[in-house]
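S.K.: Just so you know, the protein sequences line up as chains Z and P, in that order. In our numbering, each residue's number is its place in the first sequence (first place is 1) plus 1. In our numbering, each residue's number is its place in the second sequence (first place is 1) plus 1.
Hints listed in this document are in silico derivations from the structure and should not be mistaken for laboratory results. Every residue, glycine too, gets a C-beta built ideally from N, C-alpha and C. A couple of the hints might just be wrong.
What the hints assert, rightly or not - If you only want the chain Z side, here are some residues facing chain P, beta carbon under 10 Å, derived: (1) 93; (2) 200; (3) 537.
What the hints assert, rightly or not - Pairs of lysine to aspartate or glutamate, DMTMM-like flavour, derived with a Cα cap of 20 Å: (4) 213/Z x 494/P; (5) 194/Z x 471/P; (6) 338/Z x 450/Z; (7) 213/Z x 450/P; (8) 213/P x 487/Z; (9) 192/Z x 471/P; (10) 561/Z x 494/P.
Each chain, letter by letter, is given below.
There are 2 protein chains.
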Amino acid sequence: MADAEPKLANGAGRIVFQTDPSRYRHWQLAVDGEVSTLTLDVDEKGGLFEGYELKLNSYDLGVDIELADALMRLRFEHPAVRAIVLRSGKPRVFCAGANIRMLAGATHAHKVNFCKFTNETRNAIEDASACSGLRTLCVISGTAAGGGYELALAADYIILADDGSSTVSLPELPLLAVLPGTGGLTRVIDKRKVRRDRADVFCTTEEGIKGKRAVEWRLVDEVVPNSKLDAAVAERLRTLAEGSNRPQDAKGIALKPLDRQVSPTGIDYWLVSVELAAPQRLATVTLRGPETPPPDSVAAMVEEGSDFWPLRLARELDDAILDLRFNAIDTAAIVFKSIGDPEAVLAYDAFLDAHADHWLAREIRLLWKRLLKRIDLTSRTLVTLVEPGSCFAGTLAELVLAADRSYMLIGGDGRDNRPAATLALAAANFGHYPMVNGITRLASRFLDDAASLTAARERTGEMLDAEAAETAGLVTFALDDIDWDDEIRVFLEERASFSPDALTGMEANLRFGGPETMESKIFARLTAWQNWIFQRPNAVGAEGALRRYGTGQKPVFDTKRV
Amino acid sequence: MADAEPKLANGAGRIVFQTDPSRYRHWQLAVDGEVSTLTLDVDEKGGLFEGYELKLNSYDLGVDIELADALMRLRFEHPAVRAIVLRSGKPRVFCAGANIRMLAGATHAHKVNFCKFTNETRNAIEDASACSGLRTLCVISGTAAGGGYELALAADYIILADDGSSTVSLPELPLLAVLPGTGGLTRVIDKRKVRRDRADVFCTTEEGIKGKRAVEWRLVDEVVPNSKLDAAVAERLRTLAEGSNRPQDAKGIALKPLDRQVSPTGIDYWLVSVELAAPQRLATVTLRGPETPPPDSVAAMVEEGSDFWPLRLARELDDAILDLRFNAIDTAAIVFKSIGDPEAVLAYDAFLDAHADHWLAREIRLLWKRLLKRIDLTSRTLVTLVEPGSCFAGTLAELVLAADRSYMLIGGDGRDNRPAATLALAAANFGHYPMVNGITRLASRFLDDAASLTAARERTGEMLDAEAAETAGLVTFALDDIDWDDEIRVFLEERASFSPDALTGMEANLRFGGPETMESKIFARLTAWQNWIFQRPNAVGAEGALRRYGTGQKPVFDTKRV
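Assemble the whole structure, with the sequences as input and the hints as a guide.
M.R.: Rendered as structure tokens:
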């Protein structure tokens, strides 16, 4: 097994998710009117870890962090962009997919985390199209192999050059004994609706498919000879942009770098603080509510820009969650707390609702939606403590509903004069933030209990005390001051004593009741199988395909079909 | 890892799935009018493998084979039974679930196969209720732990004795660091709709939940004091039976033992033969079509009993598939062939359609439905060869649609005078046999291609030659005699060269496009996570929980959350 930890390049001590276009090494982001060109031109020497070169536009997490950043910039800094064209800056290759030597050397945990992040980024491309009017065209000149083709699959439209050599392929299985796990198998079947037996042929054909057959099999939308490629791209971009409802002349806001102070025991942002208790394997994430009322106009919101409370909080929390996922891998549980005035949180929710048709309000809602999905998909026990002085209301109440368990204190805590704990729902809880299963956290909670769902809706805006919240089924336990500390301590100690793997599996099952969607299938069916394969000697053993790739030696397989 | 092969008990050379009530060691099947009592009273010394005792009504595959057989008997031999009561023959324990020492000693492959079979058996209990009017009541007196409670979850109604000690629990995670993987997590959430945070508490509480809280949390339907238990059971059975549409006075048919000849190179049944080519890791399964026309009345069908062609074929094929799963684990691919007259097959389909409201015709259809699902869920590459003289028509055409790839020969093969290959669809292909995803194999094939689905329906009953079948999208490739042998040989050699694990993962993704159901979630989300955990040292390593259970030593866990 490959569980010796590879070293981060350039002596870095942790993986950092913050970047900006001036610092990109692998992507170029260009904007021209309603079209943005995202060019992948990977710096071979720019690997995030030591020990491999990113040849042939192959990628690692560092490359994908830049892509995720670029997509955020297009949403917030360039609201007039309606169509993105994804292309390669290298001749004869679009993208060779995830770097194989990186994968071969990565720990199991990193492989899993890496795939989760890249999946979230591809889902964000589709979300931008579905919800934000930001369409993506992918132009493949050269080879799009494995993760390269999976990136294309996230686009609305794929053009393949008809030059006798440009191909799409998913060679993971024949070449590496793993799956096209960044959504590939699911999108081929459930998005592009490739016939299943053709998908079988495609996914076992190392050299891939090109030309007319790629269209006939629905793997790409169109093949175009090189002589007509530019014209076709321009035409398709026009069509894609036409369907967009993005604002035509809006000016974006600048996403300022996040202020953060990293210490051995945590991270402090402006509105979020993360406190690590290593011996207890706990991370406590505290969110601060707004200190001022919402601005009095959308113009004022735009003026506040990335300091606008809901946006700043979301960006900080997103960064904190990613940091915990990758840099605090021993953490058993994340405990969410909040400090602030719940009425003030509701006021911001009301402001965003009142201006729901403004592009910035929409993007902020969508960022929260993606962030909350990311939290649902985080393999840590999620616990929310609703205490005196907290502000779990509206959007922030989603953190109560996302938790595996929530605890709420009855009355004051007798230690200070903070107001008794309250919980409040808002319109935001009833549709703004669907989970990956396509339904809200409240609907997932009350799967067969329409009465509770209706009752909850009727109490929208009310400040619920602990007993009311427990009766309404919104928190797991309401506890009084006498039991509070002990109950929670015992629970968290118990949680830390369980097998981390079994908890991951259990939580992944209990969190996502009800329907499944393409997105949830990617994180359930596809990812869980891939994680299994990432443990199997046929892939990751000393004689397995990932290790033997490029050595000239063939892998040796255990032939048992399990 | 526990991959030393445990020995079958009593010197047995292979796992055998055929049994009958006279040979049961663990279950008693009693029938009294419209009610059947299935009593679990496990023989401690009756383990299928050496090395463990089946204490506390715990089970292994051998116990579950008897349960599956009993359910088949109730369907075919006792058509007047409308309600089953599942109970324990032991005091103070209903069922302790899968035997832990058995699991700890089992190979990874056996764990996976065992869970798949037990899941299929529980799904069959639900199918009997949903489709065959055969309801199940589960009465829990004593502890129902882990797989014991999961068995109860398959019932329509669960009564728990209110005696201060009878409890239900899913202690897999705290006790063994694995999941309640026999549908437990899924059924708690998606069938019983237990609130997800309560499910979290329940699944991490080793001692389980009893009394009123078990009802309040929806874990059971009713708690009843011992003094009123018999009356409550009788009453509930009456209610369950009332809703049934099973025939009131029908006499069943005897399911005769299957004739089979086992040799080192295969198994011969009456209508099915399995030929193993060990060096190529291939199993060729040949099905024989009917030699006589269908009987001229339902009475005559009942008279034929288990010799009636569709029933006999289904029982033999089911046994053959199970044998391959467990006893031919090195097999890479199953190749389906058939011999017979496609018109004759269609005549049987027409006969079953004409008598669809007869209980036996219904049970035969439902058996085929379950059998075809079992084939879909078999982790072998499935290949169907449509050759001259074959009879893939109607119900048998499902084997073409279930295949990962199908090949059809154009024209005769020049070697003999068998009629050219034909393929024919029937009404049976358009609704009788939904997959676990809830839609037919044709609908799964043409997910976004209503035109092809409609065109296929319009050709119902036509004998399609290879080119027509290929054009209609019903086979993967139509090949002529010149290419046939080489193409198929190369394909099968290639398949055998791939990683078996990666194939399992790929096929599990490509086969099940479209919607997901509770059943498909069990085999995808839940099973795939469980299989991952079954590879993780925290569960199966030398210091893992499964190995250390009962030793007095605590397991040692890798604390990384993946």
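S.K.: Next, verify each hint and record whether it holds.
M.R.: Each hint, compared with the structure:
Taking 10 Å as the C-beta contact cut-off toward chain P, the hint placing residue 93/Z at the interface is violated, the least distance being around 27 Å. Taking 10 Å as the C-beta contact cut-off toward chain P, the hint placing residue 200/Z at the interface holds, the least distance being around 5 Å. For the restraint placing residue 537/Z at the interface with chain P, the shortest Cβ-Cβ distance is roughly 4 Å, inside the 10 Å limit, so the hint holds. Straight-line distance between C-alpha atoms of residue 213/Z and residue 494/P comes to about 28 Å, which puts the hinted pair past the 20 Å bound.
Distance restraint check for residue 194/Z and residue 471/P: the Cα-Cα separation of roughly 18 Å lies within the 20 Å cut-off, and the hinted pair is therefore satisfied. Note on residue 338/Z and residue 450/Z: the hinted pairing is violated, with a Cα-Cα distance of about 28 Å set against a maximum of 20 Å. Our distance criterion of 20 Å between C-alpha atoms is met by residue 213/Z and residue 450/P, whose separation comes to about 19 Å. The suggested pairing of residue 213/P with residue 487/Z is violated, with an alpha-carbon distance near 25 Å, which exceeds 20 Å.
As the CA atoms of residue 192/Z and residue 471/P are separated by approximately 23 Å, the hinted pair breaks the 20 Å bound. This hinted pair checks out: residue 561/Z and residue 494/P have alpha carbons roughly 16 Å apart, not beyond 20 Å.
When held up to the earlier numbered hints, the structure conflicts with 1, 4, 6, 8 and 9 and fits the remainder.
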